[in-house]
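Chemist: Protein chains in written order, with this note's numbering: chain A, 1 to 340; chain B, 1 to 628.
Don't read these hints as lab results, they were simulated from the structure.
Where hints are given, some of them may not hold.
Claimed, not checked - 25 Å max Cα-Cα, derived SDA-like pairs, lysine to any residue: (1) Lys265(B) - Glu333(A); (2) Lys48(A) - Ser487(B); (3) Lys202(B) - Gln314(A).
Keep in mind that this is a model prediction, so the values were computed, not measured.
Letter by letter, the chains look like this.
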Amino acid sequence: MSSISLPTYKPADFASGQDVRWCPGCGDYAILAAVKKVLASRDVPKEKYVFVSGIGCSSRFPYYLDTYGIHGIHGRAPAIATGVRCANPDLEVWVITGDGDGLSIGGNHMMHAIRRNMDMKILLFNNRIYGLTKGQYSPTSEQHKKTKSTPMGSIDTPIQPTGFVLGCGATFVARATDVNRGGVNVLPEVLLAAADHRGTAFVEIYQDCNVFNHRAFFYATEKETAKETTVHVKHGKPYIFGNNNDKAIAINRCGAIEVVNVRDVSPDELLVHDEADRCRAFMLTQMRYPEYPEPMGVIYRESQPTYHDLLWAQINEAKEEHGEGTLEDLFSEGSTWVVE
Amino acid sequence: MVSDAASSSTPTHQDLQSVAIRFCGDSGDGMQFAGTEFTNTSVMFGNEVVTFPDYPAEIRAPLGTTYGVSGFQIQFSSSEIYTPGDNVQVLIAMNPAGLKVNIEDVEPGGIVIVNKDAFTPGNVKKAGYTDNPLKDGSLAHYHVCKVPVTRLTKESLVDSGMGGKAIGQAKNMFMLGLVYWLYDRSLEQTIRALTEFFGEKKKKPRVAEMNVAALKAGYFFGETAELFPVRYRVSRAKQEPGTYRKIAGNQATALGLITAAQLAKKPLFYGSYPITPASDILHALSTYKHFGVKTVQLEDEIAAMCSLIGASFAGDIAVTATSGPGMALKTEAIGLGVIMELPMVIVNVQRAGPSTGLPTKTEQSDLLQAVHGRNAETPLIVLAARGPGDCFTTAIESVRLALKYMTPVVMLTDGYIANGAGPWRIPDPADLLPIEVAHPTERNHEIDGKPVYAPYLRDEHLARPWALPGTPGLEHRIGGLEKMDVSGDVSYDAENHQHMVDARAAKIAKAADDFPPIELNGRDTGDVLLVGWGGTFGAIYTAAQRLVDEGHRVTSIHLRHLNPLPNGLGDILRGFKKVVVPELNRGQLRMLLRAEYLVDAIGINKVQGRPFLVSELVDRVKEILSED
Chain A
1 MSSISLPTYK PADFASGQDV RWCPGCGDYA ILAAVKKVLA SRDVPKEKYV FVSGIGCSSR
61 FPYYLDTYGI HGIHGRAPAI ATGVRCANPD LEVWVITGDG DGLSIGGNHM MHAIRRNMDM
121 KILLFNNRIY GLTKGQYSPT SEQHKKTKST PMGSIDTPIQ PTGFVLGCGA TFVARATDVN
181 RGGVNVLPEV LLAAADHRGT AFVEIYQDCN VFNHRAFFYA TEKETAKETT VHVKHGKPYI
241 FGNNNDKAIA INRCGAIEVV NVRDVSPDEL LVHDEADRCR AFMLTQMRYP EYPEPMGVIY
301 RESQPTYHDL LWAQINEAKE EHGEGTLEDL FSEGSTWVVE
Chain B
1 MVSDAASSST PTHQDLQSVA IRFCGDSGDG MQFAGTEFTN TSVMFGNEVV TFPDYPAEIR
61 APLGTTYGVS GFQIQFSSSE IYTPGDNVQV LIAMNPAGLK VNIEDVEPGG IVIVNKDAFT
121 PGNVKKAGYT DNPLKDGSLA HYHVCKVPVT RLTKESLVDS GMGGKAIGQA KNMFMLGLVY
181 WLYDRSLEQT IRALTEFFGE KKKKPRVAEM NVAALKAGYF FGETAELFPV RYRVSRAKQE
241 PGTYRKIAGN QATALGLITA AQLAKKPLFY GSYPITPASD ILHALSTYKH FGVKTVQLED
301 EIAAMCSLIG ASFAGDIAVT ATSGPGMALK TEAIGLGVIM ELPMVIVNVQ RAGPSTGLPT
361 KTEQSDLLQA VHGRNAETPL IVLAARGPGD CFTTAIESVR LALKYMTPVV MLTDGYIANG
421 AGPWRIPDPA DLLPIEVAHP TERNHEIDGK PVYAPYLRDE HLARPWALPG TPGLEHRIGG
481 LEKMDVSGDV SYDAENHQHM VDARAAKIAK AADDFPPIEL NGRDTGDVLL VGWGGTFGAI
541 YTAAQRLVDE GHRVTSIHLR HLNPLPNGLG DILRGFKKVV VPELNRGQLR MLLRAEYLVD
601 AIGINKVQGR PFLVSELVDR VKEILSED
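All chains should be built: construct the whole structure from the sequences, respecting the hints.
Modeler: Right under this line is the structure:
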């Protein structure tokens, strides 16, 4: 396709016309708006996009975008998307999932799509609760959480999504919040970076479920606290945060990370973000409020061949070695004999 | 009649119409290889051949035990045959456990060749014998040849320079050589196979040479030892002219799928998870990347099925294969395929269950699962192959129907036909009908005066259009929620749901118009109609022939199409006094026939992990004929 014929889009061009049925005030609205903006900003015709989801509130997402879409079954979106991706390497495949869909029932598919570096964006809307089934605890719910299914408090230890996917060998890991009323809203930059990544791009989005788990992430999104509780990570820049931009991360004499006041240390002692450092990335994923600010932005990024690159390479290699297969070749392989 | 390798007389040739041989031994004794090679040699020679490999689920069960016995039965014939034979005329037993498990199936007077060296007191005891059966007279009804195979193999390979363990593994070739001599067969095919496998593929030319030497030693031993008063000949069968090859069911399925994709001019996507006895389809397809075949080994059965949804949505011919337990895991995603009305084929190579059951043994007990085993009203097309070569044809028809009716299709095979092999006449590609596939490029409907793409606007077959991602203007979203007729929008409307459920059912029912008429093996009226499906075809067909030859008014029919059932079946059933349905389950087709046609069908049912014997069908039908 020549670049001249590329349409220019407005975010509204990606609206499907279906009535959006999330609860009023749901964080999903902000994410939908941000995705539409990012899609409109890219030089990719909209018929190239396939949005695949599982089951849950977030999984209604594909219905609201005027692209190709599959609303799948619970937890299986990465596996369905794997089929789409292998069938047609020209498409842009996005998976929309949640903490229950993606990490509970679908945890296995999540792990394997990521380790294969399947070329797809995975947006995990983490609201730390089951919304569509009306308020049971999720795999990211904090321990002791009282919900409909845990009246005495949950006894499960929550999973840490970004740490989990790094462990699976993710080549792109990022985090953002649905909204940010205090600091920088990194969602647009993160979505754009994910869109441009070749391979599995995993984005955890802190999302407010204002019905069943309201304010779960207010510490990270509200004016009063956001700058103190999160740090916007940028490649090559120190981890500066705080209401007065006066805090940073450094490694102390024992080799442990600690929050320091920038005035107390020399600039070269400040830890600087390196997107390509997997160990550092893992450390970042383990930084939790209130001990540390929680990193927002692109935590890790590396370039690796995608699954379908390798799949097609093998097909091409086989074709070069054996020639394009014909039915005559296929039928008469091995030993044959003729009956007159 | 027990002879040691010492007597002397000049062997003469005796012509036989057909012979059934079973090779058996420990699961590490190379019996599958020996049986396969005997099969290859026989089909290349021009015999009709039906095989029945039967092996334990354990890769290497404890040595010398009865549960570690691996068997390979082959019937080869100069006339048409459809089964591996009820009993065998020849048993090759590499150890006492093999003898113990298999001796019952040898015809009285049959030949039993044993590896005498394996009958040590320890092995005899391990097999569960109290006394050595070679010495206690219990084999008096057979022609037993006690051959010191271990010692002779060792002696013949003493100059090979190979170690004792490697030499021990060549015993099967020594035994095979002996059997080749007995049936006057050429060694050529097996020498070539050994050279290719060990020499070229495994890069171990010395192992190849050693095995060839053992094979020849066995053959020459037959010639010089004069164990047998006669040699036997089974002459060529009259076969339709053409080029032939040997094919096993799973291999034929793989070839059929590739062929269907080529006929449809579309890529084949095969997403699967390994499971016995279906994995060979994955193995086979993974070697055909130069045909554009994409094989993806997913993380589980569920993912495999889900990958088909995505691949089909994006335009590939999407196929998976599994067996019963895997089928159970795929169920939810098959339902998604049904409501999304996407074409895909799910092959179920049935095995004995429930649960893990007998993974390497055959059964036909997933029919109801295939037809009805999903939540809600979820109809799809179900076909079953009747033999190894027929898997090819059935695979093509499955893909053709999936594409025409935009639906998942379940293709049933079973462990028996998947692993069994026979000669296959190679089709001329020019004789195969192309498979038409159309993808819309324009909006197909108007709503409120505006052109739109309506993904659920049905054609004359009630199939919906298949617009592919990447096509401008046809962007649409579909999924597991009920859809509004025509527009495909999510709909919770009561009347619409009724309509859509009915429409999906009507579409599948209509596919019966595509099926060829049922062929009758016999007259259209009579005392008994035998109705079969799947891999029991050969036994039922042969039993019916035998009953007719004996003067009974018996006809058989075979159903390739299990859902929908073929048109005209009800009329055929009503032409007979009794309808008898032999199945390797507890009566699943019988239940469907009773429900559909209110016919008081009688079952002949067996679940022993083994195919029917012709004799047991004949005997049971005679009993039914005599009951009134």
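Chemist: Starting from Lys48(A), check that the Cα of Ser487(B) is at most 25 Å away, please.
Modeler: It holds: about 21 Å lies between the C-alpha atoms, which stays within 25 Å.
Chemist: Straight-line Cα separation of Lys202(B) and Gln314(A) no greater than 25 Å?
Modeler: holds (22 Å)
Chemist: Just to be careful, I want the Cα atoms of Lys265(B) and Glu333(A) compared with a cutoff of 25 Å; is the pair within it?
Modeler: holds (21 Å)
Checked against the numbered hints given earlier, this structure breaks none of them.
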